[in-house]
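Sequence lines, in order, name chains R and L. Read in order, the letters of the first sequence are residues 1 to 115 in the UniProt record's numbering. Read in order, the letters of the second sequence are residues 1 to 257 in the UniProt record's numbering.
Accuracy of the hints is not assured; some may be wrong.
What the hints assert, rightly or not - DMTMM-like, lysine to aspartate or glutamate: derived pairs with alpha carbons at most 20 angstroms apart:
#1 K251/L with E49/R
#2 K198/L with D114/L
#3 K39/R with D235/L
#4 K144/L with D90/R
It should be emphasised that the hints constitute simulated quantities derived from the structure, not laboratory data. The model shown is predicted, which means the values in this text are computed figures rather than measured ones.
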Amino acid sequence: MPFRFPVKFELPKHCYINARVLKDQFKRLQVAEHEVTRKALKYIARNTELPAKARLEAQLQLAAMPKYTCQTQIRDRCVATGHSRSVISDFKLNRTAFRNMARANQIPGVQKASW
Amino acid sequence: MLSRFTGLRAVVRLFSGSARYSTEAQTASKKFLSPDQYVAKQAEKTVQNEEFLDSLLAADFEYKPLIINSNAPKNKRQEPIPLNVELLQYKPLRLPQTHGHKVAELSFKGYDSDDLLRASDFAARAAFYLGIPCSKIEVLKPEKRLYTVIRSPFAQAKSKENWWRVTHRQELVAYDANPEVIDLWISYINKNAIEGVKYEAQIHTQELTAFDKELSELTAEDIKLPEAYTHASADPVSNRVQELLKSDEFKKALEEK
Numbered sequence: 001m002p003f004r005f006p007v008k009f010e011l012p013k014h015c016y017i018n019a020r021v022l023k024d025q026f027k028r029l030q031v032a033e034h035e036v037t038r039k040a041l042k043y044i045a046r047n048t049e050l051p052a053k054a055r056l057e058a059q060l061q062l063a064a065m066p067k068y069t070c071q072t073q074i075r076d077r078c079v080a081t082g083h084s085r086s087v088i089s090d091f092k093l094n095r096t097a098f099r100n101m102a103r104a105n106q107i108p109g110v111q112k113a114s115w
Numbered sequence: 001m002l003s004r005f006t007g008l009r010a011v012v013r014l015f016s017g018s019a020r021y022s023t024e025a026q027t028a029s030k031k032f033l034s035p036d037q038y039v040a041k042q043a044e045k046t047v048q049n050e051e052f053l054d055s056l057l058a059a060d061f062e063y064k065p066l067i068i069n070s071n072a073p074k075n076k077r078q079e080p081i082p083l084n085v086e087l088l089q090y091k092p093l094r095l096p097q098t099h100g101h102k103v104a105e106l107s108f109k110g111y112d113s114d115d116l117l118r119a120s121d122f123a124a125r126a127a128f129y130l131g132i133p134c135s136k137i138e139v140l141k142p143e144k145r146l147y148t149v150i151r152s153p154f155a156q157a158k159s160k161e162n163w164w165r166v167t168h169r170q171e172l173v174a175y176d177a178n179p180e181v182i183d184l185w186i187s188y189i190n191k192n193a194i195e196g197v198k199y200e201a202q203i204h205t206q207e208l209t210a211f212d213k214e215l216s217e218l219t220a221e222d223i224k225l226p227e228a229y230t231h232a233s234a235d236p237v238s239n240r241v242q243e244l245l246k247s248d249e250f251k252k253a254l255e256e257k
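Next up, chain R with everything else stripped away, as it sits in the complex (with noise of 0.2 angstroms):
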């Protein structure tokens, strides 16, 4: 099977893994290695008073980049099971991880709830 990413990069570390989160994991790191010149684009584009060439040279460059270098093509994973579904951000973790693990008492100050 060839090689599935366009460029080889570190696996994930203290994370469960899996093929989706190996493809998040390459996306965010193409997204920070790009972030300043997805910027920079942006500023040039969005900058009335430098002429509408320029503008629309730079909108050309933003759209011709790879979609795995836009910001938005992340998403939060959880980081015991994988799963990209109710992932309660404050653990990174799924609702059914987040609850074994909050069973177990294995998350600092999370207890049952009474009122």
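Assemble the complex: chain R is given as a structure, and chain L must be docked to it using the hints.
Below, chain L alone, put in the same frame as chain R:
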């Protein structure tokens, strides 16, 4: 000397045994105990407390107290206990305010109320020995953040389970001290900070009364903000913009207008 200690109260705090933090004790406390078990547990606790107090004096240490009361209580070696050691058994002493100007607010946050008590107690004592007038340790209302999750890993979403994370909060307000002393106090607290407690300090400073005059004398150039993205600066985005605008593609676009 004692007349300086205005806040002296005869409230003796029990030392908690170190076994309280073990997981065994935590799981046991969740179940209901029979009366006999409860009595046995309390007895064990008092024994542990005594052991803990003994262990404090067990190690060899230099005995050179600076101040000793004439009627000081004695330890097991029949030496009079130094005043500062004796005072550890009481609530922290406080100095009287001279002007009542608020200088700093220290806030403590944590999930464990015992840790929090240790931290704030330490800060209050340090303040007393540095000569900073302080408020009492104020216990604020704990912050409770709710998490409602579905009980089942799949479907059956009607049955939910409620959890909360309780963040305990305490506050200490310092008055009238010089900024240097406050700096010393805060750095000392920082040096001896406990893990699991979040310390936050809000420091108040004072302006001259002529501040409004200085403000009205300001010219437009004084208040001018640095222009974004025009000069090379520490901002990487600004540098990248300069780089891009100098590149061939953009040069063409800029020239044509």
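For each hint, the structure was consulted:
For a cut-off of 20 angstroms, the pair hint linking K251/L to E49/R stands: about 15 angstroms separates their Cα positions. Proximity of K198/L to D114/L is assessed by CA-CA distance (about 13 angstroms); at most 20 angstroms being required, the pair is judged to hold. About 12 angstroms separates the Cα atoms of K39/R and D235/L, which keeps this hinted pair within 20 angstroms; it holds. Among the hinted pairs, K144/L with D90/R is consistent with the structure: their alpha-carbon atoms are about 13 angstroms apart, no more than 20 angstroms.
Going through the hint list in order, the structure satisfies each hint without exception.
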